[in-house]
Each structure stands twice: as structure tokens, then as C-alpha cells.
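Put the complex together from the two separate chains, hints included.
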Amino acid sequence: MGSLLRNQKARNAVLQVLYVGTLGSLVLAGFLIARQNLAAQGITSGFDFLLKPTGWEVTFSLLPASPTDPYWWYFLIGIINTLFLGSFGLVSATLVGAVVGLARTSSNDLARLLGRSYVDVFRNIPLILQVFFWNAVITHLPSPRSAHEAWGFVLTSRGVYTPSLNVHGLALLGAAVALVAAIALPIWVGKTSRFGKTPDQRRSIQLAAAAATLACAVLILSFGRLPDTPLLNLPALKGLNLQGGLRIPPEFTALVVAIAIYGGSYIAEIVRGGFNAVSKGQVEAANSLGLTPWQVFSRIRLPLALRAMLPILANQYIWLMKATTLGIAVGFADFFMIVALTINHSGQTIEAIGILMAGFLVINLSLAAVFNRINKAIALKGNQLRG
Amino acid sequence: MADLAPPMPGMVEDLRRRFFASSLQSLISLLCLGVIAFLGWKLLDWALFSAVFGTAGGAEACQAAGGACWSVIAARWRIILFGLYPYEEQWRSALACAVVVAMTVLSCIPAFWTGRRIAAIWLAGTSAFYILMKGGVLGLSHVGEEMWGGLALTLFIFVATCLIGFPLAIVLALLRRSELPWISSTTGLIIDAVRSLPLISILFTFAIVLPFALPHWLQGDKLYRVIVGSALFFSAYQAEIVRGGMQGVPHGQEEAAMALGLGYWHRISRILLPQAMRNALPATINQFVIAFKETSLVVIVGFFEILASGNAAYGTGEWRFAYVEVYTFIAFIYFIFVFSLSRYGAFLERRMSVGER
Chain V
574 MGSLLRNQKA RNAVLQVLYV GTLGSLVLAG FLIARQNLAA QGITSGFDFL
624 LKPTGWEVTF SLLPASPTDP YWWYFLIGII NTLFLGSFGL VSATLVGAVV
674 GLARTSSNDL ARLLGRSYVD VFRNIPLILQ VFFWNAVITH LPSPRSAHEA
724 WGFVLTSRGV YTPSLNVHGL ALLGAAVALV AAIALPIWVG KTSRFGKTPD
774 QRRSIQLAAA AATLACAVLI LSFGRLPDTP LLNLPALKGL NLQGGLRIPP
824 EFTALVVAIA IYGGSYIAEI VRGGFNAVSK GQVEAANSLG LTPWQVFSRI
874 RLPLALRAML PILANQYIWL MKATTLGIAV GFADFFMIVA LTINHSGQTI
924 EAIGILMAGF LVINLSLAAV FNRINKAIAL KGNQLRG
Chain Z
-12 MADLAPPMPG MVEDLRRRFF ASSLQSLISL LCLGVIAFLG WKLLDWALFS
38 AVFGTAGGAE ACQAAGGACW SVIAARWRII LFGLYPYEEQ WRSALACAVV
88 VAMTVLSCIP AFWTGRRIAA IWLAGTSAFY ILMKGGVLGL SHVGEEMWGG
138 LALTLFIFVA TCLIGFPLAI VLALLRRSEL PWISSTTGLI IDAVRSLPLI
188 SILFTFAIVL PFALPHWLQG DKLYRVIVGS ALFFSAYQAE IVRGGMQGVP
238 HGQEEAAMAL GLGYWHRISR ILLPQAMRNA LPATINQFVI AFKETSLVVI
288 VGFFEILASG NAAYGTGEWR FAYVEVYTFI AFIYFIFVFS LSRYGAFLER
338 RMSVGER
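As given, the protein sequences belong to chains V and Z, one line each in that order.
All letters in the first sequence, in the order written, are residues 574 to 960 by the numbering used here.
All letters in the second sequence, in the order written, are residues -12 to 344 by the numbering used here.
No wet-lab data here; the hints were simulated from the structure.
Check before you lean on any hint, since a few could be wrong.
[To be verified] Reference listing, derived: stretches of chain V covered by chain Z, where coverage requires no fewer than 3 residues with Cβ under 8 angstroms from a Cβ of chain Z: (1) 592 to 600; (2) 909 to 916; (3) 927 to 937.
[Stated by the list, open to error] Listed next, the stretches of chain Z that the computed footprint assigns to chain V, with coverage defined by at least 3 CB atoms under 8 angstroms from CB atoms of chain V: (4) 110 to 122; (5) 142 to 152; (6) 164 to 176; (7) 187 to 199; (8) 244 to 252; (9) 298 to 311.
[To be verified] A partial selection of chain V residues facing chain Z, derived with a Cβ cut-off under 10 angstroms: (10) Arg608; (11) Ile652; (12) Leu656; (13) Ser679; (14) Leu687; (15) Val694; (16) Phe706; (17) Ile885; (18) Gln889; (19) Ile891; (20) Thr897.
Here the structure is a predicted model, which is why all the values come from computation and not from measurement.
Beta carbons are placed, not taken as given, at the ideal position from N, Cα and C, and that holds for glycine.
Next comes chain Z alone, as it looks inside the complex (with noise of 0.2 angstroms):
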């Protein structure tokens, strides 16, 4: 039989149609080809062919060579990455900011997805944590919270801001949806007066102002305070995510479960809450991003997590001058964390969009 499918183009041919098909074209495509060679050859040899890396020759080799001066990082990374955490014992903090990886990995493999498991992975690897970084059990040393920085800081903060603030949204978002009209009107008027403030006033206002409103026996640590707060705001933005996710989970469901006899906590936590959450995840995802990058916002009311350990870092001595590498490398290290949550929420909605179809 002849084959009748039309004859494959060339590579050329390929090219040409792909590129060049008509005069506009061949221009935007000439113009990014030169912006993404020039860019890329700039980037090239900024960061790796002019660059100098061993701390050998000191600062002034450095600043006298024409590229990045990743020494900076290499005299300093135990700042940036531990902060003023005690020199011996920062194994404990590297060991720490390890079972949080592990725990945010686990908590990604579908096989972990009930509601106890997730609990269990997340309450042991944050006791684990607290453990390490705190000490004063196990014969190791007691190391106070005010000397904890660096990114074991920021990690800390953010899985204490998930753990508190999910459950805490679930919550809101029950009472949200509550049948009693004074439940579900207050409750929404506190999500959506958090949710109209600007992360950092809260920030300041639970680190600064609360004391003034608590008594003596209430207050706790500055650093907890800060974490009631962001998980406040996380929660209130969870809320509505899980909310939408319940919208989506049809009324005959639980009209179904109903008729079964089922009460109103078997409703919820059997019928309601799987399927909610199954509709809520790829935003439930995105929320954790905004969560992690936002961590960062502590540096304002004085915490010494990774960012302000990075200005420290470039901020005093022979190093002044190494701004643009410590920020490249502090950026690097959010962009690992934020990038590869963010791709794996990606997977997950082309995942479950395939599950629909």
C-alpha cells in the first residue's frame, strides 16, 4: 500500500517554518536568540569562567577578579546557613533543617495521604526537630531559641506556621460554612479582616503590640507569638481554599450520608473533608509557596533567619562588597525549595485533571 501521509519536512524545512515563516517572526526570533545568548554568556562568566572561588587568595583577589566572588559564600556559609547557632553543635542544626526535607518529601508521596499518617509524619518530624535544634535532652546541650537563625530558622518557622495554621484553617472553614448565621458571619468577618491586612502588620502587631495585650502568663516567647500570627494568616487564606474545595464536593454526598444516619462528625471527617481536600489540593499547594516565601518577611521584627543572616554575612568587614553573590546564593536556596514545591504541584494537577477526564 502507498503510503499517503504527507512527507516529513526536513530539519531545515523545520527550522524555517518553526522560526523563520515570515519577516516579524524572524526578527522576534533573531531578537530573543541574541537576548538569550547574550544573557547567557554574561551569566556564564559572571558565576563560573571569571569567577573565584577558594577563599585562598582573601577578599582582595577577589575583588580584583572580573566575575563572582563565590569565596564570600565559602568563608561565610555557616553564618548563612546557621546564623549565630553555637559553632560545635550547628550538626544538630544541619540534622534539623534535613528532617524537614524528608518530612515535606514524605508528606508528597500519595501513599502517606490520610489524614492520620500526614499527622504522624508531621507531629514526629517537628518534635524531632525541636529536639535538635533545642536540646537539653538526650545529653544535648540546651541551646536557647534567641540563638537560633540561618535557615533552620526560617524551615522552623514554617513548618510550626503549616502545623498550627492547617488544622486551624480546616476549623474556619467548618464554622464558615456553619448553619448558624451569627457562627458563620463572625467567623467570616475574622478571615476576611485578616485576610484585608497586609502580612507584615500582623507580623509586627503580634510581635510587638500583643504583649501589651496578654497577660504576663500568656505571652511566651517573641519567636512562638510571630508563629501564631503568620499561622492566623495562613489559615485564613486556607480557609477559603478549603472552603472552595467543599463547594466542589456535591450536595448529594452528604445529603447521602445523611440518610445513612451517619452523625455529623462521620459526615465531616468520612464523607466531606476526603473529597474537599482531593478538589482543594493543587491551591492547598500554591498556599504552602506563598507560605514558605513569605517566611521571609520575619527579618522585619527582628528575626535572624536566613535573610537577615545573609545581610550579616556580607554586611560587616572585607566582604562588603560581596552583596550580589550572597543574595544570588540565599535566592538559590529559596528557589530549590519554592521551585521543585511548585513543579510538584504542577504534576499533581495535570495528575489529577487526567483522573477526570
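Chain V with its partners taken away, still in its complex shape (with noise of 0.2 angstroms):
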């Protein structure tokens, strides 16, 4: 025995099946104990639950919900709900990051001033302060009886009142995906060589796409009208509530304007960091070529500095996803707080703990995936690299 611990390949097994089989063991004693502990509640262990109606309401859905619906429909709810409001959340953050970041680098001494003071402010002050901040503001906001109206938009505490389409919610969202068409098609077509050599002869089929899309999106709009209204619904004041329009939840709100100006304020970093990195030596040789100012910004800095900044944006928009949370601090329903009222309602502590983890995983890896693409796609190849 003795010398077998001399042995240095024996110690090293001894050592790792320590270390593993002791992590092991805990889960499992974790585990099993939660087990026994629920099955003393009368808790049967199992995702059987994810089948059986709720029970309960959920606050915010872009899906039909009702109380009748069984806990898978409302985890997908959760999960749509958490990319809705990070994908709103990451735009605006990164427009508010962008806008900032230039005052940085600009050579104005005033827009830099303006834009250190930003970000040393938001930066400093926590995430969650600033959305119970926004949240306030909005719940104190006048009463839809006496509220700010502006161009259809009704501020009020009960949230945000826009004017919306009288358009079955399915067609809207062809719409979009056919609006978005129209901007991406001709970009495709402008980048491959498919479609003739030269941009002239593809000029016209970028025109012809953009214009097929855009009637497209007409097309499906007026097939998708609600009969017997008129197109535009505005919010009017109806009794002591607001009627019509679509109204954006006070805690929505919030949460989109806390996370565009506390992650703006990291994105404006990360903005100017990928700017100083473009080495000087380049901006000079294109200004010694006569370039104007504008294109020295749009064909030399910027596309140099995008390459810079993307794998360390990819990270901070993993964060941002993941402060989605928050939600639950104010009462938006996200995929966090439909877990958490999972576990107060139905008492699967394990399952629904299991769930959230496997899907932030999914999360992070697919926007980690989405931005390595981009990142390789974009990355400088062998014959561009140039000290």
C-alpha cells in the first residue's frame, strides 16, 4: 500500500477519483435528500407537471395565455418574454452605447466631457437601483385622466400608451419578417456575385427585391385588417381608462430604459476601446490619400474598430441577457420569475431549478454561436493582415 502512494500514476488516479467521486457524492446526497424532503410534501419527482394546467395568470405574454394552460406553454411564454425584452433591451443599449462612445473619441473636448460624465455617472450606479428608479417615474406618472399626450403616445402611470395597427397578430408579425426582408435581401444582393459582375447590373435587383418585400408586407397588412375598423388605432380616454392603442407595461418600460442606459454606458467603453485599438498609422495613410473625413470614418475606422470590439460586445450582450432577471424585481414576467412562481405554485423545485439552467445555457451558447460566426466572418484574412 505504501508504495503504491509512492507511485506517482497511482497518487494522481487516487487524487482525481477523490475529487470527482467527493463532488459527486454531494449532488447526489443533494439530491437525493431534496427528494425525500418533497416527497414528505407530496411532491412526486418527475416532469409529469410540465403536461397539467397551471393554475395561475401570467402578467405579460406576446402569446395567448390563460390559467387552463400547462407549465411547458408558460416556460415558452418565459423564454420569449426574456428575448423580447433583451432584444429590445441589447438595440437600445447598444444605440445609447454607440451615440456615447463617439463623444468619447471625438476630438471635440466638450462631446468628450459630455460623454465621460455619462458614463462615469450610469456606470457607478447599479443596474437593479436604476430600474427601480424608471419603475417609479413610470408608476407616478399622471393618471390616464390627466396624462401627457403627444403625436398618439399617452404617458401614464398605468405604462405607455402607442398607437397601434388594427392587424390580426399574426399577420404583423409577417410584416416585420417581410419589412426586415426588405433591408437584408438587398444587402445579400449587393454582396454576392450571383446576379451579374458589376453593381450597376445588380443596382436594379436590389430595387426589385426591396420593392417585391416592401408590397409584400402591404399585401399581408391589408389581407390581416380586423374588419369594420379604421386602420390606425389610437388610445382615447374612455370612462376613468385609456381604450385602443397598444399599451406598453410600466414595468417593460422600465426595464428597456434602465438596460439601455446602464448598458449603454459599457457599450460607450467597449465603443471606444475598439476606436483607440485602430492603429493611427492607417487613419494617416488614408488621409494622405484624400480621403474625406466621412469616408476615413465609414471605410477605415469603423470597419477596423468593429473587428476589435466584437468579441468583447459578445460578451457584455451575454451579460445583458442574463440581467433580464431583473425582471422579477418589478414584476415582468420573464423566464427567471415563471420559474420562480413555478416553484411557489406547484412545489417541482428540482425540475424547474434544472430548467432554468439548461435554458440560460441555450441562451448563452446560441448568442455565443450567432457572434463567433459573425466574428470569424468578418475577421481580417490571411492576405489583409498588414502590421
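Here's what the structure looks like:
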């Protein structure tokens, strides 16, 4: 035995088995105790509960939801809500970050001062405090009867009301897809060489593609119109409350505003870092070739800066996606809140936590995969790499 | 000898060159100047000129004034800072906060940057904090953890998170770079799993779900479970930072130590870690800053830390309208802590890059 312990290979094997074995048995023991405790409360483990009706309402949903719907449907609603909030938050944070970041790299001292104060103030205040703050601001707005109104938008304590279209939900989704295609298709036509070699040959195809998809969008909208209603649905005061229009709940607005402001301050620093990483020689070379300032920015500085920022930006996006879980603080029904409510109502603790982990793992991994793909696509190829 | 340097531009010329070089530049300058003047005036007017400071007029006088109502802070600052801590004993809570601040300042001084001194400062500071808050000895009356609140609770969670999380991070980083494949891959799995989860879900699991999975004698108070959870989260991120620092240490260093016949512990503690920590210092400070901001998340699992006590301070009675002032006050407290820490981090980064040049 003693000689076996002095043998390095044997010692290593024992160490590894001990380490993995201890961790594994700890997890297993926790799992068994939890199952026993839950069984004592009359909760059977397993994923059968996913098919049972929930019996409680969900506060925000893009899909039809009622208490008779099963749990798996609610989890799906939660994931879609998280992605919905996350995509709004990411886009608005990126816009804020781009503006502030450009201000921070500008040659103008005053713009730099403004950008720097913005970053210093909002980066150093916890996100949850900002969420609470904006939620309080919106819920303290005047009631619908004495609300601020401009161009059909109404700011009230019950949320922000915007004009909407009297169109079926599916048609709206289809039209949105067509609109995205109207932007994406011409870009794709411009990139590929499938439709002729020169840009002039492709210009007409680009225009045709854009026109066709736009016509498609209009067609879908007109088919999906709800009968006997005007196309534009404006919010209007009826009794004590507003009728019509689209109501954006206060908690959603608060979350998007807070994520945009807080995330924007982080993204601004990433943008600044990206522009600072562009070597001075490149810009000087472009200037000496006689490019205009706009050309230097759009053809030289921006593409190079984008390459430097993208990996860090991807991490920041994943972080912001996880920050949507703050929804539970103000009552927005994101994925995590649905999981927490499930644990409260059904007691299926272990399974719900497992689903939560799996859900976030999938969201994070797919975001990372998308960004890796983009990163690879825009990375400088071998012959483009010059010091 | 004739002065060959070009003549210095005058002040007007200098301003013209810096802010009005072209029409676009002038436009941007004027726009920024307008925004700065407008925001600055509005903020000063709100926070100082039109504000009400004393509690004399009560809430009504305050609401009638156009500016900020700092009376709410004057009336409720004890709730915000100390939470539900017994009124006569609140000096202990204040003193405990001062201990934490002193401890943080001390550990920012390079003279204390040896493993032993840092550990001594933090252990002594934390025990002083704990004794002051909990009492029961030295003639201090006993105050249970459920009465702790406000700034003291925030600081306690932060300090305890760092105190547990930092050594754990070093251990995790060492395990991850272990040469034994099972150990490194299992540790990597743990670190990556924790990093892919949102902190709230981990806090929630530790506060509410874990009691099901633990035998009774191991459950402990909810506060300590949450601290362990947040320490685990902190250590997963910090472990990657420490590992990055270790990768920055040239391989020759460890090989030289091996050639000199040093054992594993000496190699790690005398050669590898001191250099790795130096490499990792800026990122570490950044991680501390993030950890401090993230203590605010415990409000979701039902703790009465500074954010929750702020909600309570304006949530009841006549101060219901004064939410902006309360949140501004709390944001200011966070700002002081976080901003000074991150400025310190930036200073360190500059200082260290000077040494490398």
C-alpha cells in the first residue's frame, strides 16, 4: 500500500477519483435529500407536471395565455418574454453606447466631457437601482385622465400607450419579417456575385427585391386587417381608463430604459476601446490618400474598430441577456420569474431549477455561437493582415 | 540665439482651433455647450437652489417647493442607513461601516500587499464588524441577523463575499490548471456552469431551494446561505481572472523553481501566485467593483439592505412622492464607493504600466 502511494501514477489516479467522487456524492446526496423532503410534502419528482394546467395568470405574454394552459407553455412564454425584453434592451443599449462612445472618441473636448460624465455616472450605479428608479418614475406619472399626450402617444401611470394597427397578430409578425427581408435582401444581392458582376447590373435587382418585399408586407397587412375598424388604432380616454392603442406595461418600459442607460455606458467604453485600437498609421494613410473625413470614418476606422470590439461586445450582450432576470424585481414575467412562480405554486423545485439552467445555457450558447460566426466572417483574412 | 519655436497661439486663437475649427466642429461645440448649460442649470436648481433641506415644514411644504425635497433624507436617513437595527444601538452599525471602510482603504496601500498582511487585515476587520453588529460579548447587547439592515448589511454581504470568494477563486484557478485531466475538466465545468447563470438565479437557489437539499443541521441562516451563493458566483469569475494572471507568468519561472528543487506549495505560493496576482490586479479590482454593485440584488430574496430600506423610506406615509430624492441619495452612496474603487483601479493600471515600459 505504501509503495502504491509513492507511485506518482497511482497517486494521481487516487486524487482524481477522490475529487470527482466527493463532488459527485455531494451532489447526489443533495439530490436524494431534496427528493425525500419534497416527497414528504406530497410532491413527486419527474417532469409530468409540465403537462398539467398552471392555474395562475401570467402578467405579460406575447402569446395567448390562460390559467388552463400547461406549464411547458408558460415556460415557452417566459423564454419568449426574456428574448423580447433582451432584444429591445440590447438594441437600445447599443444605440446609446454607440452615440456615447463616439462622443468619447471625438476630437471635441466638450463632447468628450459629456460622454465621460455619462459613463462615470451611470456605470457606477447598480442596474437594479436604476430599474427601481424608472419603475417608480413611470408608476408615479399622472393617471390616464390627466396624462401627457403627444402624437398619439400617452404617458400614464398604467404604462405608455402608443398607436397601433388594427391588424391580426400573425399578419403583424409576417409584415415585420417582410420588412426585415426588405432590408436584408438588397444587402445580400449587393454582396453575392450571383446576379452579374458590376454594381450597376445588380442595382436594378436590389431595387426589385426591396419593392417586392415591401409590397408583400403591405399585402399581408391588408389581408390581416380586422374588419370594420380604422387601420390606425389610437388610444382614447373612455371613462377612467384609456381604450385602444398598444399598452406598454410600466415594468417593461422601466427595464428597457434602465438596460439601455446602464448597458449603454458599458458599450460606450467598448466602442471607445475599439476606436482607440485602430492604429494611427491607418488613419494617417487614409488622410494622405485624400479621403474625406466621412470616408475615413466609414471605410477605415469603423470596420477596423468593429473587428476589435466584437468579441468583447458579445460578452457584454450575454451579460445583458442575463440581466433581464431583474424583471422579477418589478414584476415582469420573464423566464426566471416564471420559474420562481412555478416553484411557488407547484413545488417542483429541482425540475424547475434544471429547466432554468438549461434555458440560460441554451440562450447563452446560441448568442455566443452567433457572435463567433459573425466574428469569423468579418475577421481579416490572411492576405489582409498587414502590420 | 533667435527663438526658433513657432509663436504660441493666443487664447482666442487657441479656443477657435479647439472648438470652432470647422462649421461642423462649431455646431457640435455649441450643441454640447447648450446641453451642458441646460443640464447643469436644471440639476443645480433642482438639487440646491429650489430644494428644501430642513424637516421644519414637513412633507407638505416640501411637496409645494419646485426643487428636491431633501427633508425626506433628513427625516428618514436612519432607516436608509441602518434599517431595522435597534435605535439606541445604531452607533454600532455606523462604527461597523467605518471599520469596513478603514479596512478597504488599508488594503489599497501597497505596503500591505503581502498575502499574510492582507489576510490579517481582512480577518481582523471582519471579526470587528461581526462583533460590533451581533453583540452578545464585551457588554454589547445581542442583535440577531434578521435585524441587520441598510448600508451595514450591504457592506457585510460584500465583505463576506470577498473574504470567502477570493481564497475559493485561487483554489478553483489552481484546480483548473491542474495537470490531472479529471480534476481540471470537472472544475472547468463548475466554473463555466456558474458563469453561464444569472446571479439572481443562484441567490434564489441558495436562499429558497437549497434548504430542501441540505440536512437540517447544515442549513444555517438564510443570510449565510446567500453569502455562500454570491461568494461562489464571485469566485467563478475571479478564478478566470486569476487563471489569466497565471498564464501571464512566463513558463521559465516555474521551471526554474522546479530546477531549484522547490516543492509544489513553495512553487505556487512564492513564485507563481505573487506574479500572477500582480498581473491580475486591475481585473481583480474591477471584479470587486462589480461584486459591490451586485450586492444590491439580495433585495430580491427578501433582505433589508440599503435598496430595500430606501424603498421602505419613501414607501409609507407622507413621503410617498419623494422617491427621486431617496433613490438619488442611495445612488450617491453607491457612487462614492464604486467610483473611488474604480478610480483606484485605473490609478493602479497606470502605475503598473509605467513599471513595464
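**Index of numbered hints that the structure contradicts, given in increasing order** = Of the numbered hints given earlier, those the structure breaks are 4, 5, 8, 11, 12, 17 and 18, listed in rising order.
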